[in-house]
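Asks: With the hints as your guide, set chain B onto chain A.
There are 2 protein chains.
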Amino acid sequence: MREGYIKVHCPATVANMVCGFDILGFALEEPNDIMYVRLIDEPKVIIRNLDDYGLPTDPEKNVAGVVFLEIIQQQGNKFGFEVEIDKNIKPGSGLGSSAASAAGAAVAANHLLNNPFDTNQLIQFAMLGEKLACGVKHADNITPCIMGGVTLVRSIHPLDIVRLNAPEMYAAVVHPQIEVKTSDARQILRKEVLLKDAIRQWGNIAGLVAGLEQGNYDLISRSLEDVIVEPVRSILIPGFDEVKLKSKEAGALGGGISGSGPSLFMLCKEKSTAIQVEKAMQDVFTGLGIEYRSYVGKLSPQGVTCTEA
Amino acid sequence: MREGYIKVHCPATVANMVCGFDILGFALEEPNDIMYVRLIDEPKVIIRNLDDYGLPTDPEKNVAGVVFLEIIQQQGNKFGFEVEIDKNIKPGSGLGSSAASAAGAAVAANHLLNNPFDTNQLIQFAMLGEKLACGVKHADNITPCIMGGVTLVRSIHPLDIVRLNAPEMYAAVVHPQIEVKTSDARQILRKEVLLKDAIRQWGNIAGLVAGLEQGNYDLISRSLEDVIVEPVRSILIPGFDEVKLKSKEAGALGGGISGSGPSLFMLCKEKSTAIQVEKAMQDVFTGLGIEYRSYVGKLSPQGVTCTEA
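Protein chains in written order, with the working numbering: chain A, 1 to 309; chain B, 1001 to 1309.
Everything labelled a hint here was simulated from the structure, so no lab data went into it.
It cannot be assumed that every hint is accurate.
Unchecked claim - Okay, derived cross-link-like pairs now, DSS-like style, lysine-lysine, Cα gap no bigger than 30 Å in a straight line:
hint	chain 1	residue 1	chain 2	residue 2
1	B	Lys1131	A	Lys196
2	B	Lys1244	B	Lys1279
3	A	Lys298	A	Lys271
4	B	Lys1131	B	Lys1090
5	B	Lys1191	A	Lys191
6	B	Lys1007	B	Lys1271
7	B	Lys1271	B	Lys1090
8	B	Lys1196	A	Lys244
9	B	Lys1078	B	Lys1181
10	B	Lys1137	A	Lys196
11	A	Lys90	A	Lys269
12	A	Lys61	A	Lys131
13	A	Lys246	A	Lys269
14	A	Lys131	A	Lys7
15	A	Lys271	A	Lys7
16	A	Lys246	A	Lys279
17	A	Lys191	B	Lys1196
18	B	Lys1191	A	Lys196
19	A	Lys196	B	Lys1181
20	B	Lys1298	B	Lys1246
21	B	Lys1044	A	Lys196
22	A	Lys44	A	Lys90
23	A	Lys196	B	Lys1244
24	B	Lys1196	A	Lys137
25	A	Lys246	A	Lys271
26	B	Lys1137	B	Lys1044
27	A	Lys248	A	Lys90
28	B	Lys1298	B	Lys1269
29	A	Lys279	A	Lys90
30	B	Lys1196	A	Lys131
31	B	Lys1244	B	Lys1269
32	B	Lys1078	B	Lys1196
33	B	Lys1196	A	Lys181
34	A	Lys131	A	Lys44
35	A	Lys271	A	Lys248
36	B	Lys1044	B	Lys1007
In isolation and in its complexed conformation, chain A is listed as follows (with noise of 0.2 Å):
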């Protein structure tokens, strides 16, 4: 019991899925971290972490006080905010462990102070926090963490954002205890594609959006192909082949790298085939002798929460 406090659950997302580079993503039901939040009456931001991962306490540094600072000054510097997080996503997973600091901490002052803000400004507070993670103000996992279910990141300038209508579906997800850097990851992209492969890519995407629109499954499973960038940063991640092939094989309609990786997931149709597929991917990682976690869960329709501590 804490006094005062809300209890604000911030869940893993995946951006791009698949075919979707950088417009694309959805709410995982696992992993969540978890922030609890108060208003105190000095304008400032006092961070302590639950966790072991180390992450820097000064707000400035901090991707959740980031967001606090900003919001506190566009108020008026009027008050501050006491937060302890625990977080569950591990930083550098891939599965936006910073984005579920920035959400968490931009809906948890929105609702402390009775909802001043709209879905879209949420955003863009919380894209500070991601500026400060990676350098880029990307939205990809934001709005999803933010909106709950599948997100369409249409235009960041100026932000336009779809809550996509999709059909039940679970992820399984395996994160191999790997490093690979975002950074990294957007580096080895070619600046210029062909004009072909664009063609085919967007063919993929229109097809995944009629699909999840239409909850034809089928069509989901066929168009999660992605032809760009898939085959440039699947070379950073040990046995991916593997894990896809096995995968499919095991029941999944398709998948690939969560965000710029080392996650990868695969979705599924019902929750029993994700079992299997997860099983099927802890399998390959095990013969590779490389260590994980991994996780099953439904695509979740729901965003940031907040309740009472």
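Replies: Only chain B this time, still in chain A's reference frame:
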């Protein structure tokens, strides 16, 4: 009254739909080609033109003819077709004139043979006509011409087509009487595009598909942006920028080049708006001293239809 003939309505179609280069297309209520087709005993194709376009009547050189010939051969040379074609979709207009003939032939043959072929097979047959017309087996006019409505060609190899849901919309179409060769329009495109432009394009495509499926006119309007093809091809069409500007002022959701041009189309929520937009487009070409034909009609939910003649 034509004894033994069926009457075939073949709609004009708009390929690309602004951001969906090579993948999206839709059917128009107006203009339509009319074909009269009947089965004959001899394994040959007899073609008569009822219009003044002087298209070849040698079936090997006629877009409808090659489709009929292929079907006759595939079915064991046991019958033939006699065909009269009244073309209202001007060849070279960018409104799917060749697709109308090719799709009309495939659907008419299927009807007369008691529907042995499914939609995919009909598209495959009709693509032979497109190959004759422009050297490429493309399906972005054929597919909406056969299926009606708004369609997605997710992939050509293998053929994967999707009928999209769409809210009621009207198109204003103007065909300025200038010539733009499809081959020229293809040649001026760059073989490579910037990744950042491709991302913006597929954000728009995802937005357009989501907007259509959700019946969200504002999202459709915001997504009707093409940063890849239009900036290059619009150079070939005098008055393009002004047409777009004036059409938007008159209330159009958005629009652009139909196929490879020179026809331009604008989508509107209401018929009354589409009529005003048509007027605005006419004024631009009148001002430039360029003759035109223009049309207003609903996006047709129906593709090629066959009735008793």
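Asks: None of the hints should be skipped; say for each whether it holds.
Replies: Hints, verified against the model:
no.: 1; hint: B:Lys1131 <-> A:Lys196; verdict: holds (18 Å)
no.: 2; hint: B:Lys1244 <-> B:Lys1279; verdict: holds (13 Å)
no.: 3; hint: A:Lys298 <-> A:Lys271; verdict: holds (8 Å)
no.: 4; hint: B:Lys1131 <-> B:Lys1090; verdict: holds (18 Å)
no.: 5; hint: B:Lys1191 <-> A:Lys191; verdict: holds (14 Å)
no.: 6; hint: B:Lys1007 <-> B:Lys1271; verdict: holds (28 Å)
no.: 7; hint: B:Lys1271 <-> B:Lys1090; verdict: holds (24 Å)
no.: 8; hint: B:Lys1196 <-> A:Lys244; verdict: holds (27 Å)
no.: 9; hint: B:Lys1078 <-> B:Lys1181; verdict: violated (38 Å)
no.: 10; hint: B:Lys1137 <-> A:Lys196; verdict: holds (15 Å)
no.: 11; hint: A:Lys90 <-> A:Lys269; verdict: holds (26 Å)
no.: 12; hint: A:Lys61 <-> A:Lys131; verdict: holds (11 Å)
no.: 13; hint: A:Lys246 <-> A:Lys269; verdict: holds (16 Å)
no.: 14; hint: A:Lys131 <-> A:Lys7; verdict: holds (25 Å)
no.: 15; hint: A:Lys271 <-> A:Lys7; verdict: holds (28 Å)
no.: 16; hint: A:Lys246 <-> A:Lys279; verdict: holds (10 Å)
no.: 17; hint: A:Lys191 <-> B:Lys1196; verdict: holds (8 Å)
no.: 18; hint: B:Lys1191 <-> A:Lys196; verdict: holds (8 Å)
no.: 19; hint: A:Lys196 <-> B:Lys1181; verdict: holds (20 Å)
no.: 20; hint: B:Lys1298 <-> B:Lys1246; verdict: holds (21 Å)
no.: 21; hint: B:Lys1044 <-> A:Lys196; verdict: violated (38 Å)
no.: 22; hint: A:Lys44 <-> A:Lys90; verdict: holds (26 Å)
no.: 23; hint: A:Lys196 <-> B:Lys1244; verdict: holds (27 Å)
no.: 24; hint: B:Lys1196 <-> A:Lys137; verdict: holds (15 Å)
no.: 25; hint: A:Lys246 <-> A:Lys271; verdict: holds (17 Å)
no.: 26; hint: B:Lys1137 <-> B:Lys1044; verdict: holds (24 Å)
no.: 27; hint: A:Lys248 <-> A:Lys90; verdict: holds (26 Å)
no.: 28; hint: B:Lys1298 <-> B:Lys1269; verdict: holds (10 Å)
no.: 29; hint: A:Lys279 <-> A:Lys90; verdict: holds (21 Å)
no.: 30; hint: B:Lys1196 <-> A:Lys131; verdict: holds (18 Å)
no.: 31; hint: B:Lys1244 <-> B:Lys1269; verdict: holds (16 Å)
no.: 32; hint: B:Lys1078 <-> B:Lys1196; verdict: violated (55 Å)
no.: 33; hint: B:Lys1196 <-> A:Lys181; verdict: holds (20 Å)
no.: 34; hint: A:Lys131 <-> A:Lys44; verdict: holds (21 Å)
no.: 35; hint: A:Lys271 <-> A:Lys248; verdict: holds (15 Å)
no.: 36; hint: B:Lys1044 <-> B:Lys1007; verdict: holds (20 Å)
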